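*Asks:* As a plain string of letters, each chain reads:
2 protein chains.
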Amino acid sequence: MATATPPQQPTPERFFNVMNAHHQTEALKTAVDLEVFTAIAEGNTTAATIAKRCRAAERGVRTLCDFLTIHEFLTKDGMQYGLAPDAAVFLNRNSPAYLGGAMEFMLSPRSREAFTQLTEAVRRGGTALGEGSVVAENPEWVTFARAMMPLARMPAQMMAAELRKGGEAHKVLDIAAGHGMYGISVAKENPGAQVYAADWKNVLEVAKGNAQAMGIGERYHLIPGSAFETDFGSEYDLVLIPNFLHHFDVPTCTTFLKKVRAALKLGGRVAIVEFIPNDDRVSPPAAAAFSMIMLVNTPSGDAYTFAELESMAKNAGFARVELVPRELAFNRLAVAYV
Amino acid sequence: MATATPPQQPTPERFFNVMNAHHQTEALKTAVDLEVFTAIAEGNTTAATIAKRCRAAERGVRTLCDFLTIHEFLTKDGMQYGLAPDAAVFLNRNSPAYLGGAMEFMLSPRSREAFTQLTEAVRRGGTALGEGSVVAENPEWVTFARAMMPLARMPAQMMAAELRKGGEAHKVLDIAAGHGMYGISVAKENPGAQVYAADWKNVLEVAKGNAQAMGIGERYHLIPGSAFETDFGSEYDLVLIPNFLHHFDVPTCTTFLKKVRAALKLGGRVAIVEFIPNDDRVSPPAAAAFSMIMLVNTPSGDAYTFAELESMAKNAGFARVELVPRELAFNRLAVAYV
Numbered sequence: 383m384a385t386a387t388p389p390q391q392p393t394p395e396r397f398f399n400v401m402n403a404h405h406q407t408e409a410l411k412t413a414v415d416l417e418v419f420t421a422i423a424e425g426n427t428t429a430a431t432i433a434k435r436c437r438a439a440e441r442g443v444r445t446l447c448d449f450l451t452i453h454e455f456l457t458k459d460g461m462q463y464g465l466a467p468d469a470a471v472f473l474n475r476n477s478p479a480y481l482g483g484a485m486e487f488m489l490s491p492r493s494r495e496a497f498t499q500l501t502e503a504v505r506r507g508g509t510a511l512g513e514g515s516v517v518a519e520n521p522e523w524v525t526f527a528r529a530m531m532p533l534a535r536m537p538a539q540m541m542a543a544e545l546r547k548g549g550e551a552h553k554v555l556d557i558a559a560g561h562g563m564y565g566i567s568v569a570k571e572n573p574g575a576q577v578y579a580a581d582w583k584n585v586l587e588v589a590k591g592n593a594q595a596m597g598i599g600e601r602y603h604l605i606p607g608s609a610f611e612t613d614f615g616s617e618y619d620l621v622l623i624p625n626f627l628h629h630f631d632v633p634t635c636t637t638f639l640k641k642v643r644a645a646l647k648l649g650g651r652v653a654i655v656e657f658i659p660n661d662d663r664v665s666p667p668a669a670a671a672f673s674m675i676m677l678v679n680t681p682s683g684d685a686y687t688f689a690e691l692e693s694m695a696k697n698a699g700f701a702r703v704e705l706v707p708r709e710l711a712f713n714r715l716a717v718a719y720v
Numbered sequence: 383m384a385t386a387t388p389p390q391q392p393t394p395e396r397f398f399n400v401m402n403a404h405h406q407t408e409a410l411k412t413a414v415d416l417e418v419f420t421a422i423a424e425g426n427t428t429a430a431t432i433a434k435r436c437r438a439a440e441r442g443v444r445t446l447c448d449f450l451t452i453h454e455f456l457t458k459d460g461m462q463y464g465l466a467p468d469a470a471v472f473l474n475r476n477s478p479a480y481l482g483g484a485m486e487f488m489l490s491p492r493s494r495e496a497f498t499q500l501t502e503a504v505r506r507g508g509t510a511l512g513e514g515s516v517v518a519e520n521p522e523w524v525t526f527a528r529a530m531m532p533l534a535r536m537p538a539q540m541m542a543a544e545l546r547k548g549g550e551a552h553k554v555l556d557i558a559a560g561h562g563m564y565g566i567s568v569a570k571e572n573p574g575a576q577v578y579a580a581d582w583k584n585v586l587e588v589a590k591g592n593a594q595a596m597g598i599g600e601r602y603h604l605i606p607g608s609a610f611e612t613d614f615g616s617e618y619d620l621v622l623i624p625n626f627l628h629h630f631d632v633p634t635c636t637t638f639l640k641k642v643r644a645a646l647k648l649g650g651r652v653a654i655v656e657f658i659p660n661d662d663r664v665s666p667p668a669a670a671a672f673s674m675i676m677l678v679n680t681p682s683g684d685a686y687t688f689a690e691l692e693s694m695a696k697n698a699g700f701a702r703v704e705l706v707p708r709e710l711a712f713n714r715l716a717v718a719y720v
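In the order they appear, the protein sequences are chains A and B.
Residues in the first sequence are numbered from 383 upward in steps of one, following this note's numbering.
Residues in the second sequence are numbered from 383 upward in steps of one, following this note's numbering.
No wet-lab data here; the hints were simulated from the structure.
Hints may be right or wrong, so weigh each one.
If several chains are the same, the list does not tell them apart, and a pair holds so long as it fits within one copy or across any two.
[To be verified] With a straight-line cut-off of 25 Å between C-alpha atoms, the simulated DMTMM-like cross-links for lysine to aspartate or glutamate are:
(1) Lys-458 x Glu-502
(2) Lys-547 x Asp-661
(3) Lys-434 x Glu-502
(4) Lys-434 x Asp-661
(5) Lys-696 x Asp-613
(6) Lys-458 x Asp-661
(7) Lys-696 x Glu-611
Everything numeric in this text was worked out from a predicted model, so none of it was measured.
Kindly generate the complete structure, drawing on both the sequences and the hints.
*Replies:* Spelled out as structure tokens, the structure:
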């Protein structure tokens with residue numbers, strides 16, 4: 383039973399790396415909050431000059447910047463720090479692709495609190511924070527709408543281009559519109575389309591502002607209130623459900639899809655944008671790991687596989703469901719046909 | 383200016399991975415707390431049977447185990463979970479190399495609180511938690527002594543073997559002995575040595591128990607109190623300072639080393655076990671990253687380079703200082719000669 387290579391000795395290294403992984407989260411948040419990346423982009427490249435620009439202690443900045451160098455957000459050459467390419471694009475406040483705002487939502491006090499109670503969430507099989515994030519007029523969704531808009535731009539455009547291949551849209555419903563980017567992208571791809579955006583009243587103000595800024599304000603209409611309770615109207619040829627179903631359990635999603643189907647005209651489609659893991663539920667990593675974000679934040683939401691989404695849609699009366707091969711950043715697009 | 387390969391497009395992927403890195407820490411802690419790894423080692427391999435053994439919800443366990451599979455602590459084959467090799471060795475409570483206890487210290491409420499205040503620590507250049515971890519009789523050091531003992535065993539033995547090459551030790555002082563493993567290992571390597579352990583009284587009870595269990599109790603003596611204030615005695619031929627200097631600033635370390643030198647006899651040595659980063663302060667990763675753990679936890683501690691330690695020791699009157707080439711797990715060993 384001789385083997386060509388001896389089995390690798392197990393080491394506790396990964397245990398330590400993961401136990402300390404939260405240090406990385408804190409370091410990135412601190413660096414964004416203190417504008418360290420922006421300071422370096424502006425030409426402050428030593429601990430002393432960065433500290434002055436960021437109003438922090440040189441010793442603290444040196445330790446933070448060394449840590450960010452270890453984790454490859456910065457480079458270090460002698461005493462000079464520089465920005466790694468992705469830090470320059472996404473973490474400099476003056477970059478058009480700046481993502482620092484997304485941190486406000488992803489590391490909100492509530493979201494962090496939810497994760498510190500993971501043990502209780504696993505025991506219960508759902509959030510330890512009670513009602514969860516789906517209560518009416520929750521101001522967190524305004525934060526979400528503002529913070530996540532830059533991130534949604536690209537996948538929303540990709541979705542709109544994919545959907546356009548299936549025909550022109552005329553009357554479009556965007557459910558839980560948030561920042562509005564999905565509906566706005568469809569409006570831009572379909573110059574004759576009227577878009578109806580459904581979300582809480584406070585959130586729709588953000589979407590309306592974005593629609594106006596992007597030149598489609600006159601074709602943009604608001605349906606404020608709970609998506610489960612408001613009257614959507616009817617005769618839509620396209621309904622968008624971007625990153626909404628994952629907050630709810632299968633029966634709730636199925637009932638909701640029935641309501642959506644009733645609002646579609648014959649030949650209409652519903653576009654479901656979601657984190658969709660493979661059937662093994664452990665790949666691809668970002669989509670599969672999203673299940674845990676739902677576990678800690680919602681009573682019974684999940685990242686659904688395509689088979690599960692297909693089953694919900696068929697039980698809601700849709701004739702067929704397709705998974706679009708192209709990925710939309712971390713999301714996938716499933717299209718259900720009446 | 384044609385290039386053979388196009389430059390890689392920056393992606394926000396690492397930004398998201400690091401922003402979500404704390405999820406990994408929480409998942410590992412929850413899995414250890416609920417004994418998920420132990421449950422699987424005992425033969426419970428489906429979400430349903432693990433949930434029953436761990437008294438948790440099947441849905442919560444399934445999501446947690448999928449997440450642990452994504453991060454390679456578990457394997458998944460169909461519906462069956464298994465332990466990755468290092469999880470089997472280090473995370474099963476019934477394994478002799480179980481490290482779950484180390485989590486109690488590394489993820490103690492105080493340590494976590496310290497990291498959530500990293501921004502303030504960077505502003506100040508030191509811990510935002512006031513006095514820090516170096517107050518008298520802090521019960522956290524008892525937790526430390528109990529929790530970190532299994533981890534110290536191997537580096538302590540390696541240190542003792544290295545030091546034995548330099549000659550037999552007869553009278554040994556172990557400063558901030560903690561679990562006592564460093565002094566105990568020297569006692570075992572030097573059968574005639576008497577070991578004097580200095581630490582807080584409550585911590586020395588742990589060290590004394592370990593010394594007795596390891597058969598050197600009769601050669602083990604206690605010096606309770608502050609290392610800065612108690613009388614160490616004199617005529618030591620070896621003084622151990624394992625993972626102690628990093629809590630203090632350079633002047634404090636220098637003054638302390640003077641006190642240590644005064645306790646050594648002619649020809650004596652001091653063995654400094656530390657996280658010692660290279661002069662660039664960003665490598666090797668574990669030693670370099672330790673600087674941030676000191677930033678958040680202490681008023682002015684640090685991970686010192688060998689050049690800094692050498693300078694402290696020489697300013698304290700030591701004749702020469704050597705860095706032992708062999709690594710002691712994440713630590714290095716510097717030896718200063720009178």
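*Asks:* Does each hint hold? Answer for all of them.
*Replies:* Evaluation of the provided hints:
| no. | hint | in the structure |
| --- | --- | --- |
| 1 | Lys-458 x Glu-502 | between (42 Å within a copy, 24 Å between copies) |
| 2 | Lys-547 x Asp-661 | neither (27 Å within a copy, 58 Å between copies) |
| 3 | Lys-434 x Glu-502 | between (43 Å within a copy, 15 Å between copies) |
| 4 | Lys-434 x Asp-661 | between (52 Å within a copy, 24 Å between copies) |
| 5 | Lys-696 x Asp-613 | within (22 Å within a copy, 80 Å between copies) |
| 6 | Lys-458 x Asp-661 | between (43 Å within a copy, 12 Å between copies) |
| 7 | Lys-696 x Glu-611 | within (22 Å within a copy, 76 Å between copies) |
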